[in-house]
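Asker: Sequence:
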Amino acid sequence: MGCGDACPFYPGKRYEDWVLDDPAGQGIESVRVIRDDIKKRVEQLLSELLS
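Just so you know, the working numbering puts 8 at position 5 of the sequence shown, and the rest follows in order with no gaps.
Derived from the structure by calculation, the hints contain no laboratory data. By construction, the Cβ of each residue, glycine as well, lies at the ideal position given by its N, Cα and C atoms. Honestly, I wouldn't trust all of these hints.
Computed Cβ-Cβ distance ranges for the label pairs, DEER-style [as the list claims (entries may be wrong)]:
{"hint": "1", "residue 1": "LEU52", "residue 2": "GLU32", "range": "29 to 35 Å"}
{"hint": "2", "residue 1": "ARG35", "residue 2": "CYS10", "range": "15 to 21 Å"}
{"hint": "3", "residue 1": "PRO14", "residue 2": "LEU48", "range": "31 to 37 Å"}
{"hint": "4", "residue 1": "PRO14", "residue 2": "ILE41", "range": "17 to 23 Å"}
{"hint": "5", "residue 1": "ASP8", "residue 2": "ILE41", "range": "14 to 20 Å"}
{"hint": "6", "residue 1": "VAL34", "residue 2": "TYR13", "range": "30 to 36 Å"}
{"hint": "7", "residue 1": "ILE41", "residue 2": "GLY15", "range": "24 to 30 Å"}
{"hint": "8", "residue 1": "PRO11", "residue 2": "LEU52", "range": "16 to 22 Å"}
{"hint": "9", "residue 1": "PRO14", "residue 2": "GLN47", "range": "21 to 27 Å"}
{"hint": "10", "residue 1": "PRO11", "residue 2": "GLU32", "range": "35 to 41 Å"}
{"hint": "11", "residue 1": "TYR13", "residue 2": "SER54", "range": "20 to 26 Å"}
{"hint": "12", "residue 1": "SER50", "residue 2": "GLY28", "range": "18 to 24 Å"}
{"hint": "13", "residue 1": "ILE31", "residue 2": "SER54", "range": "33 to 39 Å"}
I would like the entire structure built from these sequences, with the hints used as guidance.
Answerer: This is the structure:
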């Protein structure tokens, strides 16, 4: 989720790399936008995985 760290690769697995703004030091309204974006992405991912 935007950490930029290298993660191990396992063939045959699905990987998601969500580029997200860092909420550190941002106001509550900006953090809410980030939160809502994560919620939307999780809901979409669940829908894809369960279909």
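Asker: Is the hinted range of 20 to 26 Å satisfied by the C-beta distance from TYR13 to SER54?
Answerer: 23 Å, holds
Asker: Go ahead and decide if the range 15 to 21 Å is satisfied by the Cβ distance of ARG35 to CYS10.
Answerer: 28 Å, violated
Asker: Hint says 33 to 39 Å; check whether the CB-CB distance for ILE31 and SER54 agrees.
Answerer: The hint (33 to 39 Å, Cβ to Cβ) holds, given that ILE31 and SER54 are roughly 35 Å apart.
Asker: Per the hint of 14 to 20 Å, is the separation of the Cβ atoms of ASP8 and ILE41 within bounds?
Answerer: Given a distance of about 18 Å, which is inside 14 to 20 Å, the answer is holds.
Asker: Cβ-Cβ distance between PRO11 and LEU52: within 16 to 22 Å?
Answerer: Holds, since PRO11 and LEU52 (Cβ atoms, about 21 Å apart) stay within the stated range.
Asker: 18 to 24 Å was suggested as the range; check whether the CB atoms of SER50 and GLY28 agree with it.
Answerer: 33 Å, violated
Asker: Between ILE41 and GLY15, does the C-beta distance stay in 24 to 30 Å?
Answerer: 26 Å, holds
Asker: Starting from the range 30 to 36 Å, see whether the pair VAL34 and TYR13 falls in it by beta-carbon distance.
Answerer: Check passed, 32 Å falls within 30 to 36 Å.
Asker: Would you say the C-beta atoms of PRO14 and ILE41 sit inside 17 to 23 Å of each other?
Answerer: At 27 Å between Cβs, range violated.
Asker: Look at the Cβ atoms of PRO14 and LEU48 and judge whether their distance stays inside 31 to 37 Å.
Answerer: 20 Å, violated
Asker: Lying within 21 to 27 Å: is that true of the beta-carbon distance PRO14 to GLN47?
Answerer: Holds, since PRO14 and GLN47 (Cβ atoms, about 24 Å apart) stay within the stated range.
Asker: Does the hinted range 35 to 41 Å hold for PRO11 and GLU32 at CB?
Answerer: 36 Å, holds
Hint compliance for this structure: hints 2, 3, 4 and 12 are broken, all remaining hints hold.
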